[in-house]
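The lines below spell out each chain.
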Amino acid sequence: MDRPNEREFLLQVLREIDDLPEGLADRFVEVVDRKAGDRAEALRKLFEDCARE
Amino acid sequence: MSERLQRLVMTAFRGVPGEMTVDFGPGQSIAVYGENGTGKSTIADALEWYFTGQIELLTHEGRQHAVRNLRGSEGPLTSVEVATDGSLGGKLVFPDERRPEALEATSRETFLLRGRTLADFINKTKTEKWKALVEILRLDAIEGLREDLQRARNELRKQVKVADEQVQAFRDALASGEGAVSEETVLGNIQQICGMLAVDPPLSLDQVLDPQWMEAVAGAPPSAAGGRDTFLAEVSKLAAPAAEKGPLEAWNSLVSSERARALPHASLIQEAKRLLATASIDGRCPLCGQAVDEKELARRIEGSVLSLMEATRELEQCRDAMSQLSGSLRAAHERRESLARRGKQLQIELPPVPSFPQAALAGIDALAPIDAKSIADDQAALRKWDEAAREIGQKAAPSAPTTRESQLMMLAALCQQIRSWRAAEKKAAEAARACGLAEKVFDAYQDKQKADVATLLAQISLRVARIYLALHPGEELGSVSIEPWTAKGVELAIDFYGSHQRPPHGVLSESHLNSLAIALFLAMAETFNEKLRFLVLDDVINSFDREHRSQLADVLANEFSDWQLVVLTHDHQFFEHLTRRAPSWKKLELTSWSYGEGPRTTGYEASGILAAARERLESGDVGGAAAKARRALEEQLQEVCQALEAPLAFRRGQANEMREIGELFRGLRRTLKEHAKSLLDELEPAFKTLEADVQATLNVEVHASRGRSGSSEVEAAVRRIDELDRRWSCPACRTRIWHRGSPQAARCKCGKSAFPPVPLN
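Residue numbers (numbering that gives the first Met the number 0), protein chains in the order written: chain A, 0 to 52; chain B, 0 to 760.
There could be a bad hint or two in this list.
[Unchecked claim] Computed spacing ranges between beta-carbons, pair by pair: (1) B/Lys157 <-> A/Arg6: 34 to 40 Å; (2) B/Asp163 <-> A/Arg6: 33 to 39 Å; (3) B/Gln211 <-> A/Asp18: 35 to 41 Å.
[Stated by the list, open to error] So, partial list: chain B residues that the calculated Cβ filter (under 8 Å) puts toward chain A: (4) Ala140; (5) Leu155; (6) Arg156; (7) Ala433; (8) Ala457.
Everything labelled a hint here was simulated from the structure, so no lab data went into it. What you are looking at is a predicted structure, and each value in this text was computed from that prediction instead of being measured. No residue lacks a Cβ here, since even glycine has one placed at the ideal position from N, Cα and C.
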């Protein structure tokens, strides 16, 4: 049975969302691929950066 | 590729003090029968430990060290060796030092179901079921990212709340009254303060937020008329201009005199004087033509001119005085109007300033008399206004003792508040945007996760329902399913005589719930296993009646024929039914377990144990080789005694397995003496030598006390045991058939040899 990893799953989700800021998917992938550190905190900062742009 | 088991070797592991091998052939299914306590579950334990890195029951009890056999410290290293038809095989030695990621491929697979934990999944809470499912489906990475997204979103929600509260706090601080604050009201306040400071008010809040604007305001010199205290000082010193009667009366007298009336003709007289000086008039007036005395005319014109010039000078003097009076009155009015306006900005309401007596003073330009009463009335009105303004000023003064510095500080503080307010609003707007984005991504992520899980659950449900129906054919139960329950929960459900039951505990018996657990286990393995193609079911039928045990045996034999099944049971009827339904399966019967020897099986392994003794010798383990050799001889004698029906004293249960080698030799001698005397004579020397070996060379205690090896002696003993073993086997195929039926049956595998070599009478 095909079971995607969280990276592929997230990309599938982001592709289905309209009017996302350009390049957000790539930046999400960077955060998800990063193994070290607090991922939730990194995601929060990513959302904040997008909101400021 | 999913892999099958081929061999399992347990050494000093759990209930196995020495070594125990389970042979699965090329990957065949196997049914293992044994009474309670004969060591069946050790097989399941070994596979669980090897493929998951733990034995859950021991881990749960905090007894991971119990992986070792109790005699482990005296004997060989604890190990489990697994051979598969793929790459997952290997040897695991205690303690297990593999990293978790090394087990990731197999530890999540569904391969082991135990009777004692059969209903664990069924009885879990909805959330626990969800977690278990997430682990099995390997959704934990996806679930982990969902949780991180949720944490990020929740944090942003908190930030939005805090930012909104800060904005509201700034709004409250800026609101002067109960009304809602707006940019207009704040700007109005700033403008009012600027009025107090007598500086140019700002046109917008953006201008206020410019630090240079505040610097300019702070650096502006205070106006002479600015400031509340200055204003009040001015009001207290007000005095209406004095209007002396003399100049006014002189003006009125002058403009009412004949001379003044002639003043309009002054230019005509001046022109007449010029004409007389430049032209002859010949005794007649050049204007009217009447006869005139030229000298007399000239004298009269000159007189008039002089009179008019004097009157003009007097008039100018009076007019200057009147202009001065008018100017002072106008200035007094304008000053009071200015004070009234400033007072309004300072929130000090002064009375209306009396009207300037414009009409009364119009006579100055018209050379007309001025109404002295109007002027006097105006002066009185101004004095009255001054008095009222002073009273208002005196009342206002004590309540507002502000200074320019404090006003500037107030303005600076207000500007700072406005900046902070604007910054807080900006921050709140950004937080709201960030939170909105996080909500959007999180919602979409969770929705997709829910949808995907629902699809997965539907697939599993179909398989569970199929297996459950096969276990309970003919029962009028509806479909079984696994259904999502809120965001992070799943629950089992069943349609029970038209009623949807979720969970099914209220309507299903214990055995039905157990059937459901087995169906779920098998469906999970079928659906999701990728690496392991074998399933271990350890005593899972305890609560089943005879009929349902048969149903399970049929389901395993029919529905899972393409799987390798390791079915451990203490129920002999189930074992028999299963092996009849699946004749290709291997069979293993455990007869007993002892502390010293571990599990014993009905199968004889003399040659295998002898091979192990040789391996020990090669590795220098003489004591171990001696123990193995002794065990091989014991195994061989038991096999022969059983086959020849040697008369041994009856013993019940495990004691039957504890017979000493001497007792076995005695029984064998008696049988051969009775039925094959010549064979006994032939073998007797070998028997005696082997009995001596057992007493000395193969005596483990002797080896231990000697403290040194006697490898050549042990090697010779091993050779002798092997030679005796050959006497019971076909020289061609090394197999033997112990059946005592027809002559055809009593043959070896190749058919060239019969046994016994000397037929039994």
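We went through each hint and held it up to the structure:
The hinted window of 34 to 40 Å between B/Lys157 and A/Arg6 is violated, with their beta carbons roughly 27 Å apart. Range check, B/Asp163 to A/Arg6: about 34 Å between beta-carbon atoms, so the 33 to 39 Å window is met. At about 40 Å, the beta-carbon gap between B/Gln211 and A/Asp18 stays in the expected band of 35 to 41 Å. Interface restraint check for B/Ala140: the shortest CB-CB distance to chain A comes to about 4 Å, inside 8 Å, so the restraint holds.
Annotation: interface hint on B/Leu155 holds; nearest CB of chain A at approximately 6 Å, less than 8 Å. At its closest, the beta carbon of B/Arg156 sits 11 Å from a beta carbon of chain A; the interface hint therefore is violated under the 8 Å criterion. For B/Ala433, the interface hint holds, since its Cβ comes within 8 Å of a Cβ in chain A; the closest pair sits about 4 Å apart. At about 13 Å, the closest approach between the beta carbon of B/Ala457 and any beta carbon in chain A exceeds 8 Å, and the interface hint on this residue is violated.
In this structure, the earlier hints numbered 1, 6 and 8 are contradicted, and the remaining ones agree with it.
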